[in-house]
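8 protein chains.
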Amino acid sequence: MNRQQHLDMLRQVADGKISPEDALNKVVLESFEDLGYAKPDHQRALRQGAAEVIYGAGKTPEQIGGIAQSLRGRGCETVLVTRLSPEAAEFLRVNFAMRYDALSRVGIIGKTPEPDGAGVIVVATGGTSDIPVAEEAALTAEALGNRVTRLYDVGVAGLHRLLGSAETLMSARAVVAVAGMEGALASVIGGLVSCPVIGVPTSVGYGASFGGVAALLSMLNSCASGVSVVNIDNGFGAGYLASMINHL
Amino acid sequence: MNRQQHLDMLRQVADGKISPEDALNKVVLESFEDLGYAKPDHQRALRQGAAEVIYGAGKTPEQIGGIAQSLRGRGCETVLVTRLSPEAAEFLRVNFAMRYDALSRVGIIGKTPEPDGAGVIVVATGGTSDIPVAEEAALTAEALGNRVTRLYDVGVAGLHRLLGSAETLMSARAVVAVAGMEGALASVIGGLVSCPVIGVPTSVGYGASFGGVAALLSMLNSCASGVSVVNIDNGFGAGYLASMINHL
Amino acid sequence: MNRQQHLDMLRQVADGKISPEDALNKVVLESFEDLGYAKPDHQRALRQGAAEVIYGAGKTPEQIGGIAQSLRGRGCETVLVTRLSPEAAEFLRVNFAMRYDALSRVGIIGKTPEPDGAGVIVVATGGTSDIPVAEEAALTAEALGNRVTRLYDVGVAGLHRLLGSAETLMSARAVVAVAGMEGALASVIGGLVSCPVIGVPTSVGYGASFGGVAALLSMLNSCASGVSVVNIDNGFGAGYLASMINHL
Amino acid sequence: MNRQQHLDMLRQVADGKISPEDALNKVVLESFEDLGYAKPDHQRALRQGAAEVIYGAGKTPEQIGGIAQSLRGRGCETVLVTRLSPEAAEFLRVNFAMRYDALSRVGIIGKTPEPDGAGVIVVATGGTSDIPVAEEAALTAEALGNRVTRLYDVGVAGLHRLLGSAETLMSARAVVAVAGMEGALASVIGGLVSCPVIGVPTSVGYGASFGGVAALLSMLNSCASGVSVVNIDNGFGAGYLASMINHL
Amino acid sequence: MNRQQHLDMLRQVADGKISPEDALNKVVLESFEDLGYAKPDHQRALRQGAAEVIYGAGKTPEQIGGIAQSLRGRGCETVLVTRLSPEAAEFLRVNFAMRYDALSRVGIIGKTPEPDGAGVIVVATGGTSDIPVAEEAALTAEALGNRVTRLYDVGVAGLHRLLGSAETLMSARAVVAVAGMEGALASVIGGLVSCPVIGVPTSVGYGASFGGVAALLSMLNSCASGVSVVNIDNGFGAGYLASMINHL
Amino acid sequence: MNRQQHLDMLRQVADGKISPEDALNKVVLESFEDLGYAKPDHQRALRQGAAEVIYGAGKTPEQIGGIAQSLRGRGCETVLVTRLSPEAAEFLRVNFAMRYDALSRVGIIGKTPEPDGAGVIVVATGGTSDIPVAEEAALTAEALGNRVTRLYDVGVAGLHRLLGSAETLMSARAVVAVAGMEGALASVIGGLVSCPVIGVPTSVGYGASFGGVAALLSMLNSCASGVSVVNIDNGFGAGYLASMINHL
Amino acid sequence: MNRQQHLDMLRQVADGKISPEDALNKVVLESFEDLGYAKPDHQRALRQGAAEVIYGAGKTPEQIGGIAQSLRGRGCETVLVTRLSPEAAEFLRVNFAMRYDALSRVGIIGKTPEPDGAGVIVVATGGTSDIPVAEEAALTAEALGNRVTRLYDVGVAGLHRLLGSAETLMSARAVVAVAGMEGALASVIGGLVSCPVIGVPTSVGYGASFGGVAALLSMLNSCASGVSVVNIDNGFGAGYLASMINHL
Amino acid sequence: MNRQQHLDMLRQVADGKISPEDALNKVVLESFEDLGYAKPDHQRALRQGAAEVIYGAGKTPEQIGGIAQSLRGRGCETVLVTRLSPEAAEFLRVNFAMRYDALSRVGIIGKTPEPDGAGVIVVATGGTSDIPVAEEAALTAEALGNRVTRLYDVGVAGLHRLLGSAETLMSARAVVAVAGMEGALASVIGGLVSCPVIGVPTSVGYGASFGGVAALLSMLNSCASGVSVVNIDNGFGAGYLASMINHL
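Chains A, B, C, D, E, F, G and H, in that order, give the protein sequences.
Using the numbering used here, the first residue of the first sequence is number 8, and each one after it goes up by one.
Using the numbering used here, the first residue of the second sequence is number 8, and each one after it goes up by one.
Using the numbering used here, the first residue of the third sequence is number 8, and each one after it goes up by one.
Using the numbering used here, the first residue of the fourth sequence is number 8, and each one after it goes up by one.
Using the numbering used here, the first residue of the fifth sequence is number 8, and each one after it goes up by one.
Using the numbering used here, the first residue of the sixth sequence is number 8, and each one after it goes up by one.
Using the numbering used here, the first residue of the seventh sequence is number 8, and each one after it goes up by one.
Using the numbering used here, the first residue of the eighth sequence is number 8, and each one after it goes up by one.
Here chain A stands alone, though its shape is the one from the complex:
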């Protein structure tokens, strides 16, 4: 409920069309549903994107199902579920039409919308092991109405692989750069393109990669401009932000 809507409602109060008590309840109570264990946010669905998202980790299959039911009941056509275990996916499939990608552990309930973003989002990875996180980003972007091009295994130790796709990169509206180990991919891409680059450090690596910290620090300290960073392994966050940029 933005300022204009708030003002309209206050005018209705002034006109005696609704009581003050009703007005106050309306502000608060219509914006979400209280399931006890969760309060799915119906206001956010209208405001921020085509699909509503459920973060699956730390929730029981029953809880995920309950939230999905609540969202679908309010008219949400696409529900994206991330970090969805195969067991929970099995459970959800009983009640919902859902596509499930086991690699990225992403489930999409309902239909995948037609792409309506302004351009193309490129999702690139440094290596083969980064693909699960990259797919979380790519599927998120697709579920939110974007065309996605995948460029996998183009790490900086073999620059010709990356430079061979320079045209693809340069024509993107946003690039999601997914890399573990030293995470230099974001910087090198950032130096090549003139659109926003969203770095996703991955926990791929061993020893002093410290579960993605090396890549995270590398990306935060990028010497290229236009690079920002999301949490380690947060493919969803990068795909969501890329979609937001692509729909401006």
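Treat the hints as calculated values from the structure; they're not laboratory data.
Cβ atoms here follow ideal geometry from the backbone N, Cα and C, with glycine treated the same way.
Among the hints, a few may not be true.
As the list claims (entries may be wrong) - Partner residues are not named here, just some residues of chain A that face chain C (Cβ under 10 Å, in silico): (1) Gly-23; (2) Ile-25; (3) Glu-174.
As the list claims (entries may be wrong) - Each pair of labels, with its calculated beta carbon distance range: (4) C:Met-177 x B:Arg-18: 51 to 59 Å; (5) F:Lys-118 x B:Glu-84: 46 to 54 Å; (6) G:Arg-81 x C:Pro-120: 53 to 61 Å; (7) F:Asp-15 x G:Arg-81: 52 to 60 Å.
Given chain A's structure and the hints, the job is docking chains B, C, D, E, F, G and H onto it.
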């Protein structure tokens, strides 16, 4: 044995009613029972609360049972056991009347006391995944004689959910704010209420949440006054402290 | 503006006594003054304590003076300024009647209120070097209307010093335990008393104290119940919270 | 030199219009000038924005002047210099028409361009102490052709201050959220708006803020979607990225 | 394709022998094969060593097999696979002649080449538990055409064991020093020999060894000259670098 | 071989009693046996204690058996094996007379020697969960010929339990203080006794105990004199050092 | 006051020789003097060593002087002041006969006692830069009545320097090993001697030495038995402990 | 003194040409000079390189002068002094012919030797601010007899600058890659060349660069083979190792 009791005993020594040797032993030996592997503290039971507590992690079911037996034998009506595994709970149930909450892994031996605290303790969480820790806090507070209101999944990314419960928050005598990820819940609640807010960072999250460190640092650096912090996932500590405040 | 006040205002709108536009502006604009570089919070002053607080670090003397002027102009009788450099104190003294404690870098503009808290707050330190932080806590508590007892240099390596003040500790309504190095003071006091203990780790120490991290971790992991922690060197936060508890 | 330009040049080689040796040199040598201590990138200036940027830290005044001269000589109308010490600013002013903001240590050589971005960029801070970093972001965005609205001291401990500017926030095309301490500002704004939010953790704070690490982790773990993060105190990076988004 | 080859090709374009379009494709496309999930680098195989390497961790057996097939198809006689699980080894053996060392989890497909390096590489360990990492280094060096001498369990707490092999060490062309715990082996060997010493910290140890961090820091801070360090447990990297030095 | 023995041997060379070649081999080769995977140190056995020690972690049962055989063959009457898994213990029992303590995972092959140390070693723990580490210390000390007194569960949150054993502590020749969580036990004991206190931080705890780091830092920063620290969970190291002190 | 003394006093109470009130006061009040800012511990002086110690850091010259006066007034012949700034030393010299070593910032008030320890303490350093910390240890040991041998600049990168002093090391009753950078000195010495080795990591080094952390971790993970560790740069602690061992 | 020399000496003892006592002293005493505060290593000078090195940090000008005198007196023609403050340089110039580079704080006493290494060492930096560390590496290599090519400001955000020098890089015998911030330079160069790459992370950067830790981790996790790492800012170590490789 406080100063007055110590003085009384010394007077009895002076009056020849008890010998110096007995006096010294009395000071030390009556305050706890020595089970070898543990020394349950009977003095503390009298001093600090209605119920005595056993921290279950790192103890065998037999050890937990032995300590519970010792406490019960000294007249302790309620024994709270935290971090109690389902297997140990099974073992304890053979000998004790015990309620067990599998989610928070809390067991309550004996009766739950009537609430005798001055007000209401609110336990709030940022998300659904924080509920196990929150329940440890809530059940602890209830076992120590408090009325508890639960506000779950009111994280700061959807402020209307939190603001919708502003009245509940403002009428609390203490608030336990349980949150993982960025842990901003404590700060936002701290800005809304005028009672103590006890922040409990949880290990919920991934990547750069570092098992609760992000939430911990966030809460320690809260820009709101009246916020203090307990250890990561330490629902018990928060519930205990909230009870202490509610019984002042 | 709490729910009741909000409802009252909405009723006035319903009665035509104030216009919807005015109502909306009133909600937002009366709660703080916009100085451009700062937005002093007049709502908070009414809600949370006897005195309003300015955190002096990172602000120019002119900015501190401007905020103080704004608060005083709204009727705030006591303004506490923490982390106030001697130079800024010099500047403020030109325009304000202010007491300044150079050790703790605390300034108190206006009168120090009569103690109206329920009991006594004890501020204890492990060593002599912790006194500046302890004084920030003690002066904050005094400025907010509390009686304070100081117990300095009672670190755990010489237990008799601490036990010699056991009665003082046991009669407190809240204890602020200020310690650097290994920070064990909070745990030991927590085992002695039955009131809340607020641990303040200090950056006193060297080497592996890591600027207070050792004491911070020690206090967070306290094996005593009833202990919570504020940020390293945050004497103000501890004093504020202790006052809040003492005024319940 | 993109694929098309590369192809054109190769065709000129095929047509005998330029020799192979000249072609190869052209590819490499025209793209930057080699000053020995620095290789200013003329290719980037054309590709990525209206102004070219010099990162002033770790460079002598003479080096900064030399690079600026090189850029100006190639036709760059606006040169932004960040982390510019007052002494170096003094030195540059002898040879260049430059505006210098001492607070943010930003210098702008040449003219500030007319805003040509699609919308407005909002730069918000949690507190007064975050303003220097915020100004680096705001001045960078202005130097790159953007309209900027400043919202300072709207930290989450006084939500009404932030909510009072909700309309301003909601009409932004990108928001730069600058905050130290617990850094919750990015999450709360991220929950309010539907445009990208760029979090800039600042090194403002003390103790367990660890020079901005607490705010950094908090922002990386934001529970709000659409939030990404740049390096601690990196106002420039945030302003640059916001401009890039505003010019899509 | 180095400068000379690039120039030759451009001359062929100038002579009309190949078209510009073909030239450009040739540069990019011949350098690797695109398998979708991976882009094996054929250019690198020619450039850097006798054998090509596949890092097995995070890849499915099918992916490893596909990459190996691609490399073998291009004429690579020896393919080294590191971090190869027993299950994946089982899978590969169906289609490839492969030696597999279960301790170090190294597989060698094809023939092990004759040693053609200039001297001998010594691989030393501090303890028995470091042997798996040491064997990864030794087998890598052997697969790349080097003679290797193994010196195991010569940690610094029993100097006579190390000094007893001083001659062996002093005659090496490169030494790989593999050690966990305090990692002092690299420093002590570095003081004895006049060839490069490559330190490999291992994750062997417990408590404050922090998974190899203690050894890593120890080696990075070596007071001996000529010591450099690779990632924790990175036996492959050390063996590869030692081979490179031995083939100069 | 100390300086005197070295000199004697050189004199035998000068007298022609042994050849230079034999002398050199003798120095190096007699000091240990080379098993390939390990080089058991016979010199150390003579020099440093009654029993020889095998660190069992990271070694196969066969390797442990082989080293034990080598030591026994050289006349070592007692062999202590630490970090010995139940499976490896099972394996060793086939060939050796061995006592095995499953809690501390310590095995003692051969006879436990009669105590010949000067005094008594006290091993104290903060809690019940610290007992496994404490037993590693106690059994090590006993295997090396010391009388040991165990004081378990005497943590600082219940000081009377510790003070009740003050006499036991004060009569010790060395104290091993084993504690996790905040690790304050070492400081408090250090303030009570006048003999060396060896702190052993344990990985007992959760959240911000960081696997023993909190206790480690606490003990390193002890404000009591006479306290030194060994690695986290290193009961063996503490028991060994305490024995060394007790045999001076 | 140990158990015997306590018992004696209780007997006097029983005999009516002293009143209970006096007895209680006597226990507490005679053990230290309360200076307000400090509580010098007279009990400890009797119990733990020949000299009493003042830790000078974080205390004003006046406070140090006041504590020294108190200790001298109680009959303490030697007062050791550590971390004493030149300015404070200047101040103290007005009132006390004091030797001051500017390198280690140690002051000794009163006479240095005759050595009465059982053997010799060796203080060794890895490099020249570690000497200030080593001198703090050596002077502390001397002030507490020990003979000290200094072995400086015997780091492990030049083993012959250390081995050249093997006899000196082997005849020590305790060795203090002072080293920064990789801190391997403690391990190597620990392998050579059969007496306790006290490791003192120093903050000497740069980059990844992290102010002594590398050396600290190295020493904590020593593969040699008999090594324990004190805080970074804590020469005093090592000297004190070595003296304690030398006086057993 | 290697095995052969040791054997020769023992034969002289056997022949009665030298006494056993003299032999032993000779082994130890001739290898270094004992200055008390330092033990310059004459054995190392003969063994490891053309020049001897003094690490200047933490040493007084007098100590540096004394060591230099000792080395020169033994016939060392070139003495390299690193981390030499301008004040100490001033002091040394009185007695020694010395070149001093203020940027890298390197002093070279005596003559710079003619290059006698096998090839060329390339020293590359990511930015202008990395030059001081790079010069330490380059001057070290030159003082040890190497030809050095400098490639400065070729960071990965502008790949064409680096690729423009690909031939120079590919013809090197060793590359020193000096970079702060995200440190990706080492990986990208490592992918281009077939000689060893020595990464030197620098402390250049701010915020989450953590004084070079980001670059250090990035380089340790390099996905390119043939890359090893030295300590942060350790230009000397990299130059020394590169020289060692160039002289094999």
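Does the structure break any of the earlier hints, and which numbers would those be?
Violated hints: 3, 4 and 6; rest satisfied.
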